[in-house]
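Chains as they are written, first to last, in numbering that gives the first Met the number 0: chain A, 0 to 418; chain B, 0 to 418; chain C, 0 to 161; chain D, 0 to 161.
Bear in mind the hints are in silico, worked out from the structure with no lab data behind them.
Watch out, some of these pointers could steer you wrong.
[Stated by the list, open to error] Once the Cα atoms are required to be at most 30 Å apart in a straight line, the calculated DSSO-like pairs of lysine-lysine come out as:
#	chain 1	residue 1	chain 2	residue 2
1	B	92	D	100
2	B	114	A	117
3	A	92	C	93
4	A	172	B	142
5	B	351	C	125
6	C	100	A	92
7	B	92	D	93
8	A	329	B	264
9	B	316	B	414
10	A	329	A	414
11	C	93	C	125
12	D	9	A	414
13	A	297	C	125
14	A	142	A	172
15	A	264	B	172
16	A	264	C	100
17	A	414	A	316
18	A	264	C	93
Computed from a prediction, not measured in an experiment: that's the story for all the values here.
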Amino acid sequence: MSSIDFSQFLLPDKLRDEFPILSQLVRGQPLVYLDNAATTQKPQVVIDAITSHYREANANVHRGLYYLSERATSAYEEARQVIANYLNCSSNKEIIFTRSATEGINLLANCLTQKLSKGDRILLTEMEHHSNLVPWQLAAQQKQLILDFVPVLPEQGTLDLDAFEKLLSREPKIFSVTHISNGLGTVNPIEKLVSRARSLGITTIVDASQSAGHKPINVQQIACDFLVFSGHKMCGPSGIGILYGRQNLLEQMDPWQGGGEMISKVTLETSTWAEIPHKFEAGTPNIEGAIGLAAAVKFLKKIDLQRISYHDQTLAKLAAQELREIPQVKIFGPLHQQHPPEYAGILSFSIKGMHAHDVVALADRKGIALRAGHHCNQPLMRRLGAASTARASFYLYNTPNEVNKLVQTIHWIIKNYLE
Amino acid sequence: MSSIDFSQFLLPDKLRDEFPILSQLVRGQPLVYLDNAATTQKPQVVIDAITSHYREANANVHRGLYYLSERATSAYEEARQVIANYLNCSSNKEIIFTRSATEGINLLANCLTQKLSKGDRILLTEMEHHSNLVPWQLAAQQKQLILDFVPVLPEQGTLDLDAFEKLLSREPKIFSVTHISNGLGTVNPIEKLVSRARSLGITTIVDASQSAGHKPINVQQIACDFLVFSGHKMCGPSGIGILYGRQNLLEQMDPWQGGGEMISKVTLETSTWAEIPHKFEAGTPNIEGAIGLAAAVKFLKKIDLQRISYHDQTLAKLAAQELREIPQVKIFGPLHQQHPPEYAGILSFSIKGMHAHDVVALADRKGIALRAGHHCNQPLMRRLGAASTARASFYLYNTPNEVNKLVQTIHWIIKNYLE
Amino acid sequence: MISQDDELYKEVLLDHARHPRNYGVPSHPNVIVESENPQCGDEITLYLILSEDHSTISSSHFTGQACAICTASASMLTTKIRNITLQAAELTAKQFLSMIKRPPDAPSADLSGPLGSLAALDGVRKFPARVKCAALPWRALQQALQQASTGGGTSSLEIRDE
Amino acid sequence: MISQDDELYKEVLLDHARHPRNYGVPSHPNVIVESENPQCGDEITLYLILSEDHSTISSSHFTGQACAICTASASMLTTKIRNITLQAAELTAKQFLSMIKRPPDAPSADLSGPLGSLAALDGVRKFPARVKCAALPWRALQQALQQASTGGGTSSLEIRDE
Ligand SMILES: Cc1ncc(COP(=O)(O)O)c(C=O)c1O
Ligand SMILES: Cc1ncc(COP(=O)(O)O)c(C=O)c1O
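Looking at chain A on its own, in the form it has when it is part of the complex:
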């Protein structure tokens, strides 16, 4: 490893104590969890928020006139406020609880295409997660819309901004783009992309699945129309996600799902809708999920999201520096370069002569959790000419020592498998 003492800039190792799962042995080795881009571990405060809800406050939300229901309702609505504060929304009505980022994008792909006409275009990028691709394919098929894609420059792993300009001239109605690529760790110049598209009157959507809980996010500064993410990728529970939307746009949109909570007046023939955000929250929501997510946001803010971002990045960079020295290793995305463009704590790589599945299965023998595959990015992988890669993704509880273990394990794998 490098001889610089990074510890003074990094988060303290003792943060790990807050995460009960991290103290376990896996296959007889200490767990080194490096699959944070897929999902993250939960700190005790999040677990406690959920169990306290069950033990003290559980009831259905809205319209209950008794103590527990009032308590559950305020906890649920306070959770909304916590998220609105994190994103710097102008109103907490702009926060809709969904199941996940995926559900948020499906909602948008449905609601925003209602009024589009045959031949209208939607602009995406080649680095989108399947969740920001397949919903648009489904909508495009139904409504005969055309999808365009900003290409990825395979060497840098960044978007081709010249091509972006050209594609804008085709006058798309919607532009949906990821903030951070889960496959490559590329951080897109999101404010620039959004402001360019918005200046042309295009509706803008940001997939913040990999940035939420990893960086500060300010929707007014990004100035996007919509933004989505999932709770489970930021120390929160699974089954809960966020859709942010500008108040005036949400108010104009028709609802997607029907059911309890989202209505005002119902007759057998027709119904009127509740105000936002409830109009988009049909049925009993994931109440403890919202509460757990709010606890996660508070936890992360207390640590400081700027520091978390620096920590993630630094570990990925340290790992990249070491792996770059190994001739059989090929790194994809920004960290492929010595002086990378903006990157996050995600490192994708392959080992020549080995399938990523075998790399990851063998790393598991040493207690290291990596992901192998297309990372729900099949088109991107094809673009990069890689069937699949191995991916290490870092979060606040990872340590330089774990980076060391990763590097040693890659050496061990190469020696034992290839030689």
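Fit chains B, C and D with the ligands to the given chain A structure using the hints.
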């Protein structure tokens, strides 16, 4: 109270010890939770299943090649098996995890109407929850379909079976009906309704939100095509629900939402789908929700669903017997009658001269949690000529003593408010 | 009596709920607003009789079916906005709605303040689900005042959240 | 060596993965099946050369990019189904697939059983995510055998779950 000793038939009071929330005081009084039709409390085994997942096994499911991911995936798929066993499915592929009953019906209202034509009819009933009404209104509007409704006989609170026969002759394509009315406690003759509709080739859907976890459910015996329910109404977490569908029908259906997990091969232009059930589970699912729900099902089966059903019913009947004696009280639904048709543990009533809100707010002063309102049943309430009712709904942890407290409290309210 | 110190069901409120003032349809009202909160089932129709030059509310009445909080709020409203200008009524509505929308833990409203006995409804803040019950008649009044200034007539109003 | 007792990466399996037998495109194959598992990225093309009367497999070959488990499974397949009848190959495929789909805790397969050294792949059961890697070449074979009995030719196959 009646002098018969019911305790030998009822569930033991000590079951309450399994539910940590029930030992709390509310407004200085022991909590009497009687809003079980809205949501139910969680036993310690369910809370433990969720926290153990967080502390020991948390990872994203599917395709992970490391220890935690394998463990999380098996727990998630075992949960599916537990639900499939509970419902007596022919295959666990028939179980799709949704957010809720509401989401399940929205999925069906979307997928099953894709191939219908203008003027095709869908048959519902006047006692459907908004969740089994509004999704069909939305679909009907988009695809110009016609909704018909089996009327409710206001006195008995049961479906008008003669009218049902007549409405069948209009040749609906889909018939969706609740198993148990959440507003009235009516238990519909579900096998009879379904078999009659199926004999005419109509696709049948059962909303089991009020029966799941309260009775044994056998989808092969009911012989419906689809069935939905929510976890939170049966001792499980919120944010998780079940859609059961016949394997061959699910296989023929196109997916609803797009994203990760539900695809096989993705290109920028088009995608192929994963096998069922994954085809209908887009994005990261509510993993701990599924695990918690399975723990709830095991818990309930161990107690015995038949006994739970008897317990619920008996308490509702005891309460009805007492309340029926009070001149100002009016009971709605089957328990209105001395010798009621089949009923569940749900008792809807009103007090003459009082709005239900006030009844419920005052019951809260004595620690009793009731629900007031339209119970997401606005059309039914209109049919009954009641703007809203108060509702007491019972579950396995309620006791005859709590029935006593309810009755005493109603007396107290009438005396203090009306007199 | 419910309880000496019930923060919601105060005696004065119960009195208005049990014996609503100005309940009934007046002859020749200038403004009618049919308001409802479908989620609760509260329905209140508010009637205003205006002075000849339409600058002042001569009297107001209401009918409808609603809970004690909503009924008392409507009853107290009609006793409060009698023989006052449209502007003064508007101000009262604004003051009332801000009072009941303060945080649950704000200090209690002052019974000797400009809202007078309406301050009895201040306790509703502690019961967030009931805020909209108390607000409904005042929302109807706000709509009625707007209508009054543009010639009167009948309209309806559906409130959802507060 | 990975580890003396690794239940998945056994030495014989690694040997096949590193040095796959019958790897390459034969001239004039009678049957070609291009199989893939898009979720993993495994892609295997299987080639059969049949006897003149199409009753027997004379030899089989494969090409493609896949993980060690899938490559070893394909390599071992091609060494196993040489000079046997279509029926015998079908039976072997069936036996192999049932072996790897037994529960993870079932007793280990017998190396002296009819599957012979294929039993080395039995350990895959303990790693449920890898079952479809081992299965892919055998699914391709099943499709190839069906094709063989109806005149041969080329087809493709996408497998999803196992
Ligand atoms: C960039 C990106 N978008 C969307 C998603 C989908 O998230 P979820 O599966 O939680 O809906 C992911 C997670 O894998 C992601 O990394
Ligand atoms: C009969 C019935 N159907 C559907 C629902 C909707 O359930 P959820 O809100 O959990 O989706 C309910 C619950 O209120 C119900 O009682």
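Okay, the hints, checked on the actual structure:
Our distance criterion of 30 Å between C-alpha atoms is met by residue 92 of chain B and residue 100 of chain D, whose separation comes to about 17 Å. With a CA separation close to 20 Å, the supplied pair residue 114 of chain B and residue 117 of chain A stays within the 30 Å bound. For the given pair, residue 92 of chain A sits about 22 Å from residue 93 of chain C by alpha-carbon distance, which is consistent with the 30 Å threshold. About 24 Å separates the Cα atoms of residue 172 of chain A and residue 142 of chain B, which keeps this hinted pair within 30 Å; it holds.
Restraint check for residue 351 of chain B and residue 125 of chain C: satisfied, since their Cα atoms lie roughly 27 Å apart, inside the 30 Å limit. The straight-line distance between the Cα atoms of residue 100 of chain C and residue 92 of chain A is roughly 17 Å, inside the 30 Å bound, and the hint therefore holds. Note on residue 92 of chain B and residue 93 of chain D: the hinted pairing holds, with a Cα-Cα distance of about 22 Å set against a maximum of 30 Å. In summary, the hint linking residue 329 of chain A to residue 264 of chain B is supported, as the alpha carbons are separated by about 25 Å, within the 30 Å threshold.
The straight-line distance between the Cα atoms of residue 316 of chain B and residue 414 of chain B is roughly 24 Å, inside the 30 Å bound, and the hint therefore holds. For a cut-off of 30 Å, the pair hint linking residue 329 of chain A to residue 414 of chain A stands: about 16 Å separates their Cα positions. Taken as a hint, the residue 93 of chain C and residue 125 of chain C pair is honoured in the structure, with Cα atoms around 19 Å apart against an allowance of 30 Å. For the given pair, residue 9 of chain D sits about 16 Å from residue 414 of chain A by alpha-carbon distance, which is consistent with the 30 Å threshold.
Of the pairs offered as hints, the one joining residue 297 of chain A and residue 125 of chain C holds, with about 26 Å between alpha carbons and a cut-off of 30 Å not exceeded. As the CA atoms of residue 142 of chain A and residue 172 of chain A are separated by approximately 14 Å, the hinted pair is consistent with the 30 Å bound. Annotation: proposed proximity of residue 264 of chain A to residue 172 of chain B holds, straight-line Cα distance about 27 Å (limit 30 Å). Simply put, residue 264 of chain A and residue 100 of chain C have alpha-carbon atoms about 24 Å apart, close enough for the 30 Å limit, and the pair holds.
Under the criterion of a C-alpha separation no larger than 30 Å, the hint pairing residue 414 of chain A with residue 316 of chain A is consistent with the structure, at around 24 Å. A hinted pair counts as satisfied when its Cα atoms are at most 30 Å apart, and residue 264 of chain A with residue 93 of chain C qualifies at roughly 26 Å.
Hint violations for this structure: none, all hints satisfied.
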